[in-house]
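Trainee: Fit chain B to the known structure of chain A by using the hints.
Below, each chain spelled out in residue letters.
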Amino acid sequence: MSQHPTTYVPKSAFGRWFESRLPIAGLIHSSFIAFPVPRNLTYFWTFGAILVFMLVSQIVTGVFLAMYYTPNAAMAFQSVEHIMRDVNYGWLIRYLHANGASMFFVAVYIHIFRNFYYGSYKAPREVLYILGVIIFLLMMATAFMGYVLPWGQMSFWGATVITNLFSAIPLVGDTIVSYLWGGYSVGNPTLNRFFSLHYLLPFMIAGVVILHVWALHVPGQNNPTGIPIKSGKDAVPFTPYATIKDIFAVVVFLIFFAYWVFYLPNYLGHADNYIPANPAVTPSHIVPEWYFLPFYAILRAIPDKLGGVIAMVSAILIWCLMPWLDTSKVRSTAYRPLYKQFFWVFVAVCVVLGWLGSRPAEGWYVIASQICTVYYFAHFLIVLPVLGFVERPLPLPNSILESVMGVQKGGAGMPAGANAEPQSKG
Amino acid sequence: MAETTTHVAEPTRRDFLYIATGAAAAVGGATLVWPFIQSLAPDAATVAAGAPVEVDLTPIAAGQIVKVFWRGKLIFIRHRTPEEIKAAQDVNVASLRDPQPDSARVKQGHDQWLVVFGNCTHLGCVPLGQQGEYHGWFCPCHGSVFDTSGRVRGGPAPINLPIPPYAFASDTKVIIGQEATA
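Protein sequence lines, in the order shown, are assigned to chains A and B.
Per the working numbering, the very first residue in the first sequence carries number 4; after that it's consecutive.
Per the working numbering, the very first residue in the second sequence carries number 10; after that it's consecutive.
So that you can see chain A by itself, here it is in the shape it has in the complex (with noise of 0.2 Å):
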């Protein structure tokens, strides 16, 4: 699909004058109102836009408070109450921006298990698939920072902890965390540098969004079939169907959204952080947002510093490699019936492993952890390249129209135009 329609036709006199200095209109039209969409799509194709909707969502409301808040050790804590207390609606826009950093990884970890389950990573999408893992890194880089600015007990104490893992490095370990700091210890530098990349990265993660908008649109989509468009009658154009679709799904997500503003604002927060950031004492159990747990738990479970900390920062680096781990021919799990039991449990560890991140460090807990952190590393290195050898994937269909409508001889029992190329409307 990368020969996009360019139907496009300004009607306009001034319109044909602007198209022909500056193409955008045509740009738009062709991306997103006659790109042709497989017809196939659940509603698991609709988190890429609640996803867009999510980062503009974030910014505006970061820019708001970036308006009201103060980054000094001394104030941040107070200005924070400062919001909550007396700032219009202070309220709102904060728990909106808190529990928004909590949906938008709702939204993205159901955007990449909906990618692993299609195969959406394999070829040709690969580095469309890798630079979503790019964009989770900035995610998470841009929560934890943010996670630090209101200067609470989880906040010193997050920090601290996670800048401590760069002095596992050898060597330069403890000058690289001294230069984090700003200092000898997490303090007023360090609030302030991560409050200046808290404002920066959101819009490194927009443009490397644009990046992966640009890169989807080079192969198309994939779909529940895995398999690609062939006719026009596989797709149908963007707008009206995947808009409007697009947008009843951002509502939907947005009354999930509004239930926890409104009903459970600090549900997914921790009652530590509302105690003053103090360095003589650690809460009696630290842990990450529940977005981390996982990767915490991984963490915990390597008694070794150095070794703790490549496992955590391997079991995100290894998603780059899937598209090359894998060894299946067939992209969509729908038509792998073993891989598609294997997909589940790594589905059930990567939960466990993010209730164990929760619990403290001791007794089975660890041993758990370690046991499914096994399990973690080996479903990529040992599991997906073993699968596409031994598995006898299911027959799939010959198109996605035929996998929507069953194999046709005549078009009788369908309904009328169903068959038609409903791409030729847009």
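What the hints contain is simulated information worked out from the structure, not anything from laboratory work.
Glycine included, each C-beta is placed from N, C-alpha and C at the ideal position.
One or more of the hints may lead you astray.
As the list claims (entries may be wrong) - With the Cβ distance kept under 7 Å, some of the chain A side facing chain B (calculated, not the full set): (1) Val-164; (2) Tyr-182; (3) Gly-190; (4) Asn-191; (5) Asn-281; (6) Thr-285; (7) Ile-289; (8) Pro-291; (9) Glu-365.
Mentor: For chain B alone, coordinates are given in the frame of chain A:
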């Protein structure tokens, strides 16, 4: 085999100028990065605030651990009981992860005073005193265990709690941040 003629031009003055210009730009660019990276390091005020601090030991009872700060870093001053000292000394040093005899971790003649940095060597949490298997410290974050000499005995911490530079000004006063001059 088709005959191919490859025209390999002699390096010219212009080639030389291109490479020299590129090299100068690369060196200039790298030089410009330097001040920006250096600005991230602890600044002059932070370094100046890192002067030695005096601590009076008189009010610290046996068995008590006191927290003080030097350079923004937490330091434990532990007044060890005779049992704690004995427990720290009666250890097969070779069996430790970071082998150090207790005598190397205290000042001679001041066996009862243990002065160590108060952040776990794993990821910097503050370990809890008098807890864990050896009643030294236990780190609640990731489960590192330290003995009454501040040596790592279990968990992910790679090394013992480090000893800050300090010296006894008298039997009841230490100066943290200053090496002994003797």
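Trainee: Does each hint fit the structure? Answer for all of them.
Mentor: Hint check results:
{"no.": "1", "hint": "Val-164", "verdict": "4 Å, holds"}
{"no.": "2", "hint": "Tyr-182", "verdict": "5 Å, holds"}
{"no.": "3", "hint": "Gly-190", "verdict": "6 Å, holds"}
{"no.": "4", "hint": "Asn-191", "verdict": "9 Å, violated"}
{"no.": "5", "hint": "Asn-281", "verdict": "9 Å, violated"}
{"no.": "6", "hint": "Thr-285", "verdict": "4 Å, holds"}
{"no.": "7", "hint": "Ile-289", "verdict": "5 Å, holds"}
{"no.": "8", "hint": "Pro-291", "verdict": "11 Å, violated"}
{"no.": "9", "hint": "Glu-365", "verdict": "5 Å, holds"}
Consistency note: the structure conflicts with the earlier hints numbered 4, 5, 8.
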